[in-house]
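> Let's have the full structure, built from the sequences with the hints guiding it.
Numbering-wise, the working numbering comes out as the position in the sequence shown, counting from 1, plus 12.
Just so you know, not all the hints are guaranteed correct.
Keeping only pairs whose Cα atoms sit at most 30 Å apart, straight-line, the calculated DSBU-like set for lysine-lysine is [as the list claims (entries may be wrong)]:
1. 35 - 56
2. 31 - 15
3. 140 - 211
4. 15 - 211
5. 55 - 228
6. 157 - 55
7. 130 - 228
8. 15 - 64
9. 130 - 140
Hints are computed from structural coordinates only; laboratory data are not their basis.
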Amino acid sequence: MQKVALITGARRVGFEIAKELLKEGWQLAVVYHTFQEVVEELKKYGEVEGIKADLSDFSSYQRVVAQTVERFGRVDAFLHLASPYYPTPLESLSLEDFMNHLMPIATAFLFLTKECAKYMQRNDQSPKGRIVAFGDWATNTTPYKNYSAYFLAKGALHTAIKVLAKELAPHILVNGIALGPTLKPPDFSQERWDAYIQKTPLKREVSLEDVVELTKYLLRVETMTGEIINLDSGRHIAGECT
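And the structure:
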């Protein structure tokens with residue numbers, strides 16, 4: 013039987029993960045908000061259900077999982093990569109800014125997990141399901157100045173990973189990846205990106221291959237839950253970051 017994964021945030025890093033899972037025979041339900049072309053591109057590699065949804069809208073969560081199960085009949089894994097990212101200096105921070113981060117990053121993870129778990133519990137396998145959320149290496153070490161909304165949301169996500177791992181054990185495994193420098197952000201110059209990479213002990217960006225392999229490992233490991241793994245070229249041990 014083919015396994016089914018629900019994935020949010022399937023651009024950039026998420027696209028590479030989705031593509032490799034499709035090549036291995038997974039069926040994917042891919043949540044998108046505006047970038048439908050990502051879904052169409054992924055369909056070249058396997059069976060994909062595109063689900064248009066705004067993860068800032070609480071009412072979308074139940075529908076997303078229901079549509080996944082309606083198409084594929086089951087859900088074996090949930091991968092949560094959706095994550096807005098923009099500066100929110102305190103003096104201009106609004107409730108809208110805060111909710112624009114909190115809802116898709118942490119609230120969506122919590123309630124999509126709740127919905128997925130209902131169907132995972134029906135699976136005739138052990139473990140019955142696996143959940144992987146993508147955090148940020150700096151969340152629990154050196155969060156950046158002027159990104160309070162983003163890091164408060166990521167902090168909630170990191171906590172949710174551990175809380176849900178306890179609540180869903182022993183049948184559903186919940187883990188996280190605290191990702192470091194992987195792909196140059198669009199607003200970074202190459203010079204700024206190179207300088208940032210030099211701050212990592214390994215002096216290199218995290219390869220997409222490593223991200224994909226770690227994700228696949230967390231989708232097959234049987235004796236790990238509640239873990240948040242730093243995949244960041246050692247950046248979390250290197251000190252302050254602005």
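> Now, for every hint given, state plainly whether the structure supports it.
Here is what the structure says about each hint:
| no. | hint | in the structure |
| --- | --- | --- |
| 1 | 35 - 56 | 10 Å, holds |
| 2 | 31 - 15 | 14 Å, holds |
| 3 | 140 - 211 | 40 Å, violated |
| 4 | 15 - 211 | 39 Å, violated |
| 5 | 55 - 228 | 20 Å, holds |
| 6 | 157 - 55 | 39 Å, violated |
| 7 | 130 - 228 | 23 Å, holds |
| 8 | 15 - 64 | 21 Å, holds |
| 9 | 130 - 140 | 11 Å, holds |
Violated hints for the displayed structure, listed by number in ascending order: 3, 4, 6.
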